[in-house]
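Peer 1: The primary structure of each chain is shown beneath.
There are 4 protein chains.
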Amino acid sequence: MIRFDSDYIESAHPRILERLQATQGEQSPGYGTDPHCKRAADLIRAVCEAPAAAVHFLVGGTQANATMIAAVLRPHQGVIAADTGHITTHETGAIEATGHKILALSNNEGKITARQIQELVDDHWAAGNHEHTVQPGMVYISFSTEVGTVYSLEELTAISQVCRERGLPLMLDGARMGYGLAAVGGDVTLSDIARLCDLFYIGGTKVGGLFGEAVVIPNAKFQQDFRYLMKRQGGLLAKGFLLGLQFECLFEDGLYFELGRHGVAEAIRLRQGIFDAGFSLRYDTGTNQLFPLLPDAVCQKLAESFVYCPWEKVDDTHSVIRLCTSWGTRPADVDALIEALKKA
Amino acid sequence: MIRFDSDYIESAHPRILERLQATQGEQSPGYGTDPHCKRAADLIRAVCEAPAAAVHFLVGGTQANATMIAAVLRPHQGVIAADTGHITTHETGAIEATGHKILALSNNEGKITARQIQELVDDHWAAGNHEHTVQPGMVYISFSTEVGTVYSLEELTAISQVCRERGLPLMLDGARMGYGLAAVGGDVTLSDIARLCDLFYIGGTKVGGLFGEAVVIPNAKFQQDFRYLMKRQGGLLAKGFLLGLQFECLFEDGLYFELGRHGVAEAIRLRQGIFDAGFSLRYDTGTNQLFPLLPDAVCQKLAESFVYCPWEKVDDTHSVIRLCTSWGTRPADVDALIEALKKA
Amino acid sequence: MIRFDSDYIESAHPRILERLQATQGEQSPGYGTDPHCKRAADLIRAVCEAPAAAVHFLVGGTQANATMIAAVLRPHQGVIAADTGHITTHETGAIEATGHKILALSNNEGKITARQIQELVDDHWAAGNHEHTVQPGMVYISFSTEVGTVYSLEELTAISQVCRERGLPLMLDGARMGYGLAAVGGDVTLSDIARLCDLFYIGGTKVGGLFGEAVVIPNAKFQQDFRYLMKRQGGLLAKGFLLGLQFECLFEDGLYFELGRHGVAEAIRLRQGIFDAGFSLRYDTGTNQLFPLLPDAVCQKLAESFVYCPWEKVDDTHSVIRLCTSWGTRPADVDALIEALKKA
Amino acid sequence: MIRFDSDYIESAHPRILERLQATQGEQSPGYGTDPHCKRAADLIRAVCEAPAAAVHFLVGGTQANATMIAAVLRPHQGVIAADTGHITTHETGAIEATGHKILALSNNEGKITARQIQELVDDHWAAGNHEHTVQPGMVYISFSTEVGTVYSLEELTAISQVCRERGLPLMLDGARMGYGLAAVGGDVTLSDIARLCDLFYIGGTKVGGLFGEAVVIPNAKFQQDFRYLMKRQGGLLAKGFLLGLQFECLFEDGLYFELGRHGVAEAIRLRQGIFDAGFSLRYDTGTNQLFPLLPDAVCQKLAESFVYCPWEKVDDTHSVIRLCTSWGTRPADVDALIEALKKA
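Chains as they are written, first to last, in this note's numbering: chain X, 508 to 851; chain P, 508 to 851; chain G, 508 to 851; chain A, 508 to 851.
Heads up, none of these hints are tricks.
Which copy? The list can't say, so a pair holds if one copy fits it or any two copies do.
Heads up, simulated SDA-like pairs for lysine to any residue below, C-alpha to C-alpha not over 20 Å straight-line: (1) Lys-808 x Ile-509; (2) Lys-728 x Arg-581; (3) Lys-820 x Gln-623; (4) Lys-820 x His-631; (5) Lys-820 x Ala-633; (6) Lys-728 x Gly-674; (7) Lys-850 x Gly-780.
Don't read these hints as lab results, they were simulated from the structure.
Construct the entire structure; sequences and hints are all you get.
Peer 2: Below, the structure is given as structure tokens:
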């Protein structure tokens, strides 16, 4: 069986495993106070062109989201997010567990707009008894989104502007940052994100690392005491140096961007294969997630050799499935899948 | 500099790193649903002689403590623990973050007694207005404790008995389980723990693994929906197979126990060296943590070549420090430290 | 100015104020352990035909909702409610503050259906990775609803049946119970509610009392330790006897039901007046809340003599407003409002 | 039976009940936006000599404590309090329910000192890994304390100074403020408290009101969005005007202070009676709570005619009990108790 069901099916890029071997026996202080974390943070600040940003390393995405949101909000505030946002749908209430409501906006291809945010916030403050409803306290977006789309620089700039005008911190979930930055047709850079957002993270788990998300906090207001919040959330890894050395590998010579491009390039080939086989896509994404709309018979045929992620039943005989490529996707596996689609 | 400040200063045992290399390119399903996790769980059930226990894998200790305690308690209940317990002192309020108070008992060499538990619980229920105070809902102990001591089988049995008579689930924090099981003078086995506790975890982070704690839940009452609770707490690792393959290595042929014995053996050698150099110990532990009481001048001398953990200022000229050995301690480093102590 | 903006604009029914005067100087034990609370609980059990139900008294509705929901759910569970539900929209995140997500269903005139509940629950369990989403743990409905409608006995029975088949406790918010029971066309009794729900409350604040909500828990499973949960939530009133004596007044000779009928009767008169004046209603409710759709010019004219609650802007020249009658509404005030509507 | 077990055994001072009667039929807007609340707030600002303070009205003390503490702390911070503090011992984890640990200091006659606070805070920041422990974020004291003692102006000033030097907001629980201000030997005024504390409350429940605590927030930093926090905590009373009119009564002509003095005067008479009968006091308090140390035989004799609060078993034949006077204590009842003590 060949897996295309997610982008976290393999351990890590060989260079990371080699680095682990090479540093065996090395002794480091704990909890991210080691030289690897320091150097990785410097590399990330450089690539973000954010010399004053705080950088911290967490293990996973749900942990990063909960820690960052709890760091920003006061108790009576909520976080604005798409109704398809990861925090809204797939974190088993991790945000609510920190005491905060998610203020969900209807999504358009996984994205929300500056205008929607503005309307929600202005409506809140216009209401007579606004203290009876949760106060909008920040905005959460993903890049790429849960359906593989990306914000354009224009869209992101507009959102950032509305947020700053309304005093709402803007947070960006970059679990799939590598693929978002490499998106076909995309025009956003890491330094754009660092300039336009108050805090965000760069996902390592899905882009070459064993695990790990690098939290970047350009806005000094949210830097204070962040390590306390990590510890409280159970996210301060004892052997933090393991996170540092992975992000060193990923950012010391551009490996992170290269892996992102590889994942997207294979997705583009697969996308063409889907079209060539006569099928369409539910979302046209430009990143490493593809959502073909297929007859159920085709799905069943594919399932003999490939693992995919069921997504949505469309009608009695058709479904949308999700196919993910990644940093580790073998071109031969994509070829095999394209072949299978053609024959199905 | 040679580090003796903690037992999480090195990455992992070579066999684990080799296993990572050997499985590179392998594709696995996510979130601990893979064959490695399944096999590791089976190995752990076997060694615990607890065929019906649930086994789950989490990344770190604070996360494990918060997830397990939140799984057991109702909102108005608290957890009884030693005032030196890790949850009481060193988790930045991670337990309180789940809404629960820690009901601290004064420790004796890091331990609490069946009698203390019984008195606290009986006093609670004897009070007229007991609903005005937090209801004792479970008991937390550590093995080995934060000061390196271990419960005897007799002590653990007595605690378990009181807990069962009073309807209090008993949880054991085994972040240093490997060293506790190998304690000089200790008589407790994993199967004793599985028989006497309702839930516990076996620490990998400090005993040979890169990271990872294996949660074992013998009591069926607390097995339900545990994966939801892990996810909510940000503890369901995307690449769960990384946890599975580490615990496979540790438990497929007794490596875990061997590593525990190594750490303790080196500690025992160091302990003798401390005595030979004319110094005493604050706690006499039998495990991998040593707490020598030293003149400050000696501490300063040591600090030129060794990293230790400051513990407690005793008077104007003396301090207690903590020295940890571990699975990875090199005998030559212990020799060097003994030599330095003699010369100091 | 005459107020029709809410049903909590006046202190309390004269009989309650008289009872306060009559009991002045009386000494009572605290926290609801007094004879007034005991007698009030007995009266409520009798009228509910629920001799084994637990009855407790809380001060307000948001407090009652948060306490009851926190008493029922495990940490990873959420509460199903209408998207117009009071907990969903107007409690400033009080439910999320207890760590729980609200699983909102689209409402039909303020109500949700057995079928919607069934689908949400069945979809949850049918999903492959259900532990990645919040588990539906209970159902919350209101009677009457936030837009003044009521469930029929058939609807309520169907909801109860689905809940019991799926193991979901059913909770009913009865802040406006008095008006719901008196609804024109309604066929539900308190004993129906006690039979079909696992826990609910009978609102006193809006139906003749100074304040107070009587929590009734027919299901023994949720009775345990409820007083602890009240205290933890800040809801155990020191002078609990004030709640007891109010509910004694309301339930010793049917005053509660009488007051509900009065409020509804005045609403029905007002409703006819609205129709007679040529206007329509946004929801046709049968209880004490009316939602006329009016030209903005009419609203402005009314605002010279009456206070109403703005509800919804419909178009550039029309709005929906809310008008509430209550136990204390003076018929002459309704006459004046009808007159004003006719002239407007 | 005559009750001396607490200071919340009677409904309210006659003037308050008369005011309730006098305002019957009056219509007011909800949630504390009415003229009574506005006037009461003005009266309180005046008596506190704090013209810029925010004033809000909550129903009870546990609610006030939880709301105020949650308003001040960030998630990783805890509140310093005496180990006998009400939040520490008698609120069923209401503070922990908001996610915060209580950092308990050993009390001296119910009080803590500036020096203890300073040491705890300085030790926290001196520790190497301070982010592994809860950060001290504010200080909570009571006036009068749970054992009836009061801080002198010198003590309170010293605490305030340490708090301001260390950046710790100081909160004062004034559930028994009326008796604290009237304490024999006391020298603290409301305006001292408003000048030295960042936020505090003035208890009505125990000093003449049916219920109600007036929260006063002199520090502008903690005024923002306080009504949201009240609502989220379930503390925004629908008929807020009931709170306003009670505090109008209490503060429009000094009734509050008069009632405090009455309670203390009766306590002082009772105290002399205890001494005259040959008994001693566990704490010498100066306020309305007395803690005589009595032979158990005397306790049993008293229990035939009086209700007291059991406090502490001292040895096999002696106990400490608590006796409370209050605003409503009848001199004849005190006479009867003194007589009984003499005969016992």
